[in-house]
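J.: Starting from the given sequences, assemble the full structure and let the hints guide the process.
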Amino acid sequence: MLEVDGLRKRYGDTVALDGVSLTVRAGEMFGFVGANGAGKTTTMRIVMGVLSADAGEVRWRGGKAGFETRRRFGYMPEERGLYAKMRVAEQIEYFGKLGGMSAEAAQGSAGALIERLGLAERRGDDVDSLSLGNQQRVQLAVALIHEPEVLILDEPFSGLDPIAVDALAGVLTERTAAGVPVVFSSHQLDLVERLCDSVGIIKAGRMVAGGTVAELRARESRKRLRIVVTGAEPGWADRLPGEIVAKTDRPPDGQGHGSERYEEVILTPADDQEALRLAAQAGRVQHFGWQEPSLAEIFREVVA
Amino acid sequence: MNAMALVARREISVRGRTKGYRYGLLVTAVLVAVLAALPKLLGGASDYTVGLAGPQADRLQAVLAAQAAHGTDLSIKVKRYADEAAARKAVAGGDVEAAVVDNATVISKTVVDQGLSVVLDTVHRMVATEENLTSAGLDPAKVGQAQQVRPMTEVTLNGSGEDATVRSGIAMIIVIILFMLLIQVCTWVAMGVVEEKSSRIVEILLTVVRPWQLLAGKTIGIGVLGLSQLVVIAGVGLAAAQITGAVPRLPDGTYGLVAGVVVWFLLGYAFYAAMFAAIASLVSRQEELSGVLTPATMLMMAAYLVGFVAVQSPDGTLTHVLSIVPPFSAMVMPVRSAVIEVPLWETALAMGLMVVAATAVLLIGGRIYQRAVLRTGARVRWREALASAS
Chain A
2 MLEVDGLRKR YGDTVALDGV SLTVRAGEMF GFVGANGAGK TTTMRIVMGV
52 LSADAGEVRW RGGKAGFETR RRFGYMPEER GLYAKMRVAE QIEYFGKLGG
102 MSAEAAQGSA GALIERLGLA ERRGDDVDSL SLGNQQRVQL AVALIHEPEV
152 LILDEPFSGL DPIAVDALAG VLTERTAAGV PVVFSSHQLD LVERLCDSVG
202 IIKAGRMVAG GTVAELRARE SRKRLRIVVT GAEPGWADRL PGEIVAKTDR
252 PPDGQGHGSE RYEEVILTPA DDQEALRLAA QAGRVQHFGW QEPSLAEIFR
302 EVVA
Chain B
69 MNAMALVARR EISVRGRTKG YRYGLLVTAV LVAVLAALPK LLGGASDYTV
119 GLAGPQADRL QAVLAAQAAH GTDLSIKVKR YADEAAARKA VAGGDVEAAV
169 VDNATVISKT VVDQGLSVVL DTVHRMVATE ENLTSAGLDP AKVGQAQQVR
219 PMTEVTLNGS GEDATVRSGI AMIIVIILFM LLIQVCTWVA MGVVEEKSSR
269 IVEILLTVVR PWQLLAGKTI GIGVLGLSQL VVIAGVGLAA AQITGAVPRL
319 PDGTYGLVAG VVVWFLLGYA FYAAMFAAIA SLVSRQEELS GVLTPATMLM
369 MAAYLVGFVA VQSPDGTLTH VLSIVPPFSA MVMPVRSAVI EVPLWETALA
419 MGLMVVAATA VLLIGGRIYQ RAVLRTGARV RWREALASAS
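Heads up: the sequence lines are chains A and B, in that order.
Start counting the first sequence at 2; every next residue gets the next number (the numbering used here).
Start counting the second sequence at 69; every next residue gets the next number (the numbering used here).
Hints were generated in silico from the structure; no laboratory data involved.
Virtual Cβ for every residue (Gly too), placed ideally from N, Cα, C.
Heads up, some of the hints might be wrong.
Residues from chain A shown here face chain B by an in silico Cβ test under 7 Å; the list is partial [stated by the list, open to error]:
hint, residue
1, M49
2, G63
3, R71
4, Y76
5, E80
6, G82
7, M87
8, R88
9, Y95
10, K98
11, L99
12, G100
13, M102
A few chain B residues that face chain A, going by a derived Cβ cut-off under 7 Å, partial list only [said to hold, decoys possible]:
hint, residue
14, A71
15, L74
16, R78
17, I80
18, T202
19, L206
20, D207
21, S267
22, R268
23, V276
24, V277
T.: Listed below in structure tokens is the structure:
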């Protein structure tokens, strides 16, 4: 279990982290979400020991993480960095050996990663002759080569094409299946929603929400009802108890409802049972249920 | 494998593989070989052919042969011509370097080489004097005897004259090579530090390698490349000088001197490389590098100039003192040792002090590097780097 406990960091008068805590269990994929400048990168750099915290600590398997512990972590920093004039395979192997692998093990592991990430044709080329997307794959291979016990990846998906995104997602899922906790930050919330077992939302140096995507939903989604009624008189919805968030009389494409009038209402209800009764009185209820917000909607609400 | 050794090996294999390094080494080797052989190549025309014409030709030829056999390393052949016109034609056609007509005129295309000119002049005087004395009624045999003079014996106080020239030549070469090589490899170290900092790869490296391992590995790797250059230069230079005969005999202790230069190179490198690395870790971009390095390069330049002075006055007060004071000693002491015999205790003291200075710079530089290398963006101030280093 990776535990981040009460991290604090200031730069002069600016408070970057104000007591950040989070926990990632073995085999769990943790999505780290927050606006730019909220403290994601600072947190990850402190976890990797690249930056020192003013207070708080990072624990791995119950023990305080020091240099030797962190050597077994894999890291992809926000600012990508590779030796421009070094060959792809050679570079990946070099980091494997620095991470404590034997030359043969590093060679084998690098070969497998190169194959897996679709870099086989470029293995003998200098890194600076590669496209940015391919350089990013090399960067990822550098983070993965020494079979790390923990993966900390800062924006690993940014700038990748959909095929590379799938390849990367596959590799990360494989690692979690092997019991490795994976932490990654991203602004692509649909990806986070799809891949992550749990999510942490950070705002201005504080964790403002956390848990599984389902838990976050459960907490937030109590608030909104989606009601679809056909054959109702216009204006019926005005009598609903609560606040109407959105209303439309245009059915979604491809959904015919005959000649009957269509009306869809998104409501923050004051009394959900009363709303149901009124809807049934007004017309035929086609849909009545709590709306599942997307992670993006939850994020906007939490961060706003 | 040890992280430091891995870092060093990467520097050697990646930098040693670049075209810049390989061609650089090749060009240096060729250049050194040519330079070492140059005196022989330029002064190579010590074989001359001289044309003679006129009634004194027989006598001139005999005296010329005797003179040429006497000590000088010139070899002179003779061709005979019927008259001045024939001799002129031979000179113009390049058959002979010079022609002497009637023991009164010397004809050449432009200027007669100095060595040959001295010989011809001597021969001219001897034959003319002989004639004058004979025509004054003296016995030609006695005149001939009187002309037999034993050459002076040379006594030099500071070793043989030839040795002294060779020694100061070697000293000059040492100071130039030390300076060029030190500034080159130290700049590589500085550029390497900035390369890692500007590409942010240092952030990944420092999660698996400790800062001192990274810095030490880089310095050792580049040092090995620099040292191999020095060895190539010294080896090729000495070999070329001996094979071509440019330097007929190396002065005593030349090999000891070369070994000393290697030690001084290593000490100087440790000092300056640590300094360059610490300074380089303060900036984030290659463009900022030359600006911040200026004070360090100036220091090196100053030592270089003092080294030059030391070639001419190895025992002046300035050179004497600075040959012991670090970091000047790294460039001044090997020069002094090349020109004169330096007492052993002075060399030992200079090396001891330089070891202390280099260690101090390595420790302070290492700390500055450790604190500054992860701070990207604006240039890190000296005061901050030193303050946070404690």
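J.: Please go over all the hints and tell whether each is borne out by the structure.
T.: Each hint, compared with the structure:
Residue-level restraint check for M49/A holds (minimum Cβ-Cβ distance to chain B is 5 Å; threshold 7 Å). The beta carbon of G63/A comes no nearer than 21 Å to any beta carbon in chain B, farther than 7 Å, and the hint placing it at the interface is violated. With a least beta-carbon distance of about 6 Å to chain B, the hint placing R71/A at the interface is held under the 7 Å criterion. The criterion of a C-beta within 7 Å of any C-beta in chain B is met by Y76/A, whose closest approach is roughly 5 Å, and the hint holds.
For E80/A, the shortest C-beta to C-beta distance to chain B is roughly 4 Å, which falls under 7 Å, so the interface hint holds. Given hint, G82/A at the interface with chain B, holds; its Cβ is 3 Å from that chain's nearest Cβ, closer than 7 Å. Given the 7 Å rule on beta carbons, the hint for M87/A holds: about 6 Å separates it from the nearest Cβ of chain B. Because the closest C-beta pair between R88/A and chain B is about 9 Å apart, greater than 7 Å, the hint is violated.
Hint status for Y95/A: holds, given a least beta-carbon distance of 6 Å to chain B, under 7 Å. Contact between K98/A and chain B, as hinted, is supported at the beta carbon level, the nearest pair being about 5 Å apart and thus within 7 Å. Here the hint on L99/A is kept, as its CB sits about 5 Å from the closest CB of chain B, short of 7 Å. Using the Cβ-Cβ criterion of 7 Å, the hint placing G100/A at the interface with chain B is satisfied: the shortest such distance is roughly 5 Å.
Hint status for M102/A: violated, given a least beta-carbon distance of 10 Å to chain B, over 7 Å. The criterion of a C-beta within 7 Å of any C-beta in chain A is met by A71/B, whose closest approach is roughly 6 Å, and the hint holds. Nearest Cβ of chain A to the Cβ of L74/B: about 5 Å, under the 7 Å cut. The hint holds. Here the hint on R78/B is kept, as its CB sits about 6 Å from the closest CB of chain A, short of 7 Å.
For the restraint placing I80/B at the interface with chain A, the shortest Cβ-Cβ distance is roughly 13 Å, beyond the 7 Å limit, so the hint is violated. The interface hint given for T202/B is violated, since its Cβ lies 83 Å from the closest Cβ of chain A, which is over the 7 Å cut-off. Interface restraint check for L206/B: the shortest CB-CB distance to chain A comes to about 85 Å, outside 7 Å, so the restraint is violated. At a threshold of 7 Å, the smallest CB-CB gap from D207/B to chain A is about 87 Å, leaving the interface hint violated.
Using the Cβ-Cβ criterion of 7 Å, the hint placing S267/B at the interface with chain A is satisfied: the shortest such distance is roughly 5 Å. Of the supplied interface hints, the one on R268/B holds, with its beta-carbon coming within about 4 Å of a beta-carbon of chain A, less than 7 Å. Restraint check, V276/B versus chain A: the minimum CB separation of about 5 Å is within 7 Å; hint holds. Interface hint at V277/B: satisfied, since its Cβ lies 6 Å from the closest Cβ of chain A, which is below the 7 Å cut-off.
Hint check: violations occur at hints 2, 8, 13, 17, 18, 19, 20; the rest are consistent with the structure.
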